[in-house]
Every structure is written in C-alpha cells, then in structure tokens.
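> Convert by adding 414 to the 1-based position in the sequence shown; the result is the number in this note's numbering.
Just so you know, the hints here were simulated from the structure itself, not pulled from any lab data. All of these numbers come straight from a predicted model, not from anything done at the bench. One should not assume that every hint holds.
When the alpha-carbon atoms are kept at most 20 angstroms apart in a straight line, the in silico PhoX-like pairs for lysine-lysine are as follows [unchecked claim]:
| id | residue 1 | residue 2 |
| --- | --- | --- |
| 1 | K510 | K617 |
| 2 | K630 | K510 |
| 3 | K595 | K538 |
| 4 | K478 | K463 |
| 5 | K520 | K428 |
| 6 | K646 | K595 |
| 7 | K549 | K538 |
| 8 | K622 | K590 |
| 9 | K595 | K627 |
| 10 | K520 | K656 |
| 11 | K514 | K590 |
| 12 | K514 | K428 |
| 13 | K514 | K613 |
| 14 | K520 | K450 |
| 15 | K656 | K622 |
The calculated label-pair distances, taken between Cβ atoms and stated as ranges, are [stated by the list, open to error]:
| id | residue 1 | residue 2 | range |
| --- | --- | --- | --- |
| 16 | D418 | D532 | 44 to 50 angstroms |
| 17 | K583 | S517 | 51 to 57 angstroms |
| 18 | K464 | D531 | 42 to 48 angstroms |
Where a beta carbon is used, it is the ideal one built from N, C-alpha and C, also for glycine.
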Amino acid sequence: INRDYLKNLNEAQKEAVLYLDGPLLIVAGAGSGKTKVLTSRIANIIKEKKAFPNQILAVTFTNKAAKEMQNRVSSILGSAAVGLSWLGTFHSICSKLLRKHASAVKLNSNFTIIDTDDQIRLIKNICKAENIDIKQLSPRFVLAIIDRWKNKGYYPNEVIINKKDIYEKTVLPLYKIYQQKLTDLNSCDFGDLILHTVKILEKNPDIKEIYSKNFKYILVDEYQDTNFIQSKWLNLLSNKNKNICCVGDDDQSIYSWRGAEIKNFLEFDKVYKNTKIIRLEQNYRSSQNILSVASNLIANNENRVGKTLITTME
C-alpha cells in the first residue's frame with residue numbers, strides 16, 4: 415500500500431493516524447496540524463480497509479471545515495474518497511438522519527428548517543396570543559432559554575424548572591406552544607435537528623442499532639466546543655464500535671455561550687473506557703517566543719488537560 419501521507423507527519427501525528435483500536439482523544443494546540451491528522455487518519459482507515467467511506471462519520475463545526483477535510487482526503491486518496499457521505503457539520507448530518515426517520519418525531523421527510531427571523535416571528539405571535547408583552551420579555555430572550563433547554567436535551571414535557579430563574583416559569587408554556595406549532599408547520603429549528611435525532615436514537619433501539627453498527631469510525635473536530643446534546647449524540651452512535659476519535663484544544667473553547675461544555679473534553683476518558691490520549695505539541699505556525707508567552711498565559715486557565723507547545727521555527 416502506498417502510504418505517502420505518513421511521510422510528512424511527526425511522531426505524535428503519525429501515532430494518532432495509525433492508532434485505530436478504541437477511543438482516542440487528541441489534545442492539539444493551535445497550529446499543531448490537527449486537520450492534517452484527521453484527514454490522514456480518514457485516508458488511513460480507508461487504505462487499510464478498516465472501513466468503507468460510508469462507514470466513517472466525520473463531524474466538524476463549520477461547512478468550511480467539512481469542505482476542507484473532504485478536499486484534503488480526496489487529494490490523498492483520489493477516487494477512493496468518493497462516498498464519504500457522512501462527513502459534515504453536526505447540523506447537516508443530523509438533518510440527513512432526520513429526513514430518513516422524520517415520522518418517528520411526527521414530521522414529514524420534507525420538513526423545512528426555519529431560521530432566526532422565522533423563529534422570532536413565531537414567538538411574537540405566540541406571545542401576542544398569550545397576552546405577553548414583548549417589551550417586557552423579548553422574543554430573542556425567550557428563544558435563548560428554549561435553545562438552552564434543547565441543548566440540554568429537553569422536550570417541553572421534560573423540562574424541570576429552575577426555581578431560581580424568574581423567567582423559566584413564563585417561558586415553559588411558550589416552549590410547549592412553540593414546539594407544537596413547529597410540528598404543525600412540518601418544520602424544525604436548528605436545535606431540533608440534533609434534539610429530535612437524539613430522541614429518535616434513544617427511543618428506537620432498532621434505528622440506533624443500524625447507525626451505531628454502520629459507523630465503524632467516528633472522528634470529531636473541535637471537540638472542546640461540543641455541548642451536552644452533541645456529545646450525547648456521539649455517544650449513542652459510537653456505543654457499538656467504540657472507535658471514536660475526538661480532537662480538541664482545551665485552551666480554545668470559544669462556544670461556551672452556545673452551551674459548550676468543556677467537561678465533555680476533560681472527562682472524555684471517564685466516559686469512554688480505555689481511551690488513548692495523544693498530545694500534538696509541535697506548532698507549525700509560530701515562533702518559540704510567541705508560544706512561551708501564550709503558554710504562560712494559558713497555564714492560568716483552570717480547566718485544561720495540559721500540554722506544552724514546541725515550535726520547529728526559530
């Protein structure tokens with residue numbers, strides 16, 4: 415087998431690409447070549463005939479990152495990279511799953527995905543009907559609370575109200591109406607794409623079995639930015655083959671406002687038994703001076719797995 419893609423990897427990167435048995439956490443600093451590692455890893459899985467392209471689930475946070483990954487794998491494998499049909503963002507992959515199994519959550523497979531403007535319009539109408547003054551309680555604020563519940567995995571009937579929060583009591587009945595309206599309209603919002611998919615997998619063991627068996631390898635980029643419902647989804651899909659590889663940088667969690675839970679990253683090895691941890695500490699973008707300053711600043715971060723960046727540039 416031609417394995418040219420291993421040539422320009424350092425030892426740690428090579429180890430991460432070649433390790434294919436069981437859960438793997440790659441702790442990667444900025445500029446340490448994590449995209450290169452993920453793409454070479456996908457190429458290696460396919461070359462070694464460990465899985466067919468459609469048995470690999472590769473999840474990124476943005477469409478741009480997904481496209482970049484697809485292009486890089488294609489440049490290594492050529493036509494063998496065709497069929498990576500499960501490479502994409504959390505939302506794009508969930509919407510694909512949801513279209514296949516929409517009836518399980520009372521939707522039709524041609525459901526529409528509504529954007530923020532539609533959401534706001536819908537909440538405004540509901541507030542009006544419920545005699546709630548939107549000057550007192552803004553629709554965006556209502557949606558933020560609903561979104562938080564969805565990120566935690568709660569349908570309206572599962573929400574346990576936080577007594578300390580004076581707004582949740584008012585918002586919960588709105589969430590109930592909002593969710594029912596979405597179903598009536600045969601639509602869902604972004605939060606539903608993941609929430610519905612997780613509920614389908616939880617409530618239908620046969621469907622869960624199909625996918626968890628099919629996905630022989632799962633790779634996740636920017637794992638430090640996942641929230642509860644995303645990590646739950648990954649957990650459900652990986653529980654058969656246990657080959658889940660997550661790449662993250664504990665110093666770069668930028669999405670905590672979106673409900674990202676750095677603890678998904680910090681407790682990865684507690685959730686996935688026999689996790690191997692590989693650290694990519696070589697930085698290919700900055701000089702040592704910048705890195706030392708950065709590392710010292712970052713050392714003050716409380717929640718981190720710990721790593722030191724070394725550069726090859728003087």
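> Each of the hints needs a verdict: does it hold here or not?
Evaluated hints:
Restraint check: the Cα-Cα separation between K510 and K617 comes to about 18 angstroms, which is no more than 20 angstroms; the hinted pair holds. Proposed proximity of K630 and K510 is supported: the alpha carbons are some 18 angstroms apart, at most 20 angstroms. Our distance criterion of 20 angstroms between C-alpha atoms is met by K595 and K538, whose separation comes to about 13 angstroms. Restraint check: the Cα-Cα separation between K478 and K463 comes to about 28 angstroms, which exceeds 20 angstroms; the hinted pair is violated.
Distance restraint check for K520 and K428: the Cα-Cα separation of roughly 46 angstroms exceeds the 20 angstroms cut-off, and the hinted pair is therefore not satisfied. About 26 angstroms separates the Cα atoms of K646 and K595, which puts this hinted pair outside 20 angstroms; it is violated. The hinted pair formed by K549 and K538 meets the criterion: a straight-line CA distance of about 11 angstroms does not exceed 20 angstroms. With a C-alpha separation of about 27 angstroms, the suggested pair K622 and K590 falls outside the 20 angstroms cut-off, and the hint is violated.
For the given pair, K595 sits about 35 angstroms from K627 by alpha-carbon distance, which is inconsistent with the 20 angstroms threshold. Restraint check for K520 and K656: the C-alpha separation of about 31 angstroms exceeds 20 angstroms, so the hint is violated. The suggested pairing of K514 with K590 is violated, with an alpha-carbon distance near 25 angstroms, which exceeds 20 angstroms. Pair hint K514 plus K428 does not hold up; C-alpha atoms about 37 angstroms apart against a cutoff of 20 angstroms.
Under the criterion of a C-alpha separation no larger than 20 angstroms, the hint pairing K514 with K613 is consistent with the structure, at around 14 angstroms. Pair hint K520 plus K450 does not hold up; C-alpha atoms about 41 angstroms apart against a cutoff of 20 angstroms. Between K656 and K622 the CA atoms are separated by roughly 14 angstroms; this keeps the pair inside 20 angstroms, and the hint holds. Range check, D418 to D532: about 48 angstroms between beta-carbon atoms, so the 44 to 50 angstroms window is met.
As the Cβ distance of K583 to S517 is approximately 33 angstroms, the hint placing it in 51 to 57 angstroms is violated. Range check, K464 to D531: about 45 angstroms between beta-carbon atoms, so the 42 to 48 angstroms window is met.
In summary, the numbered hints that this structure violates are 4, 5, 6, 8, 9, 10, 11, 12, 14, 17.
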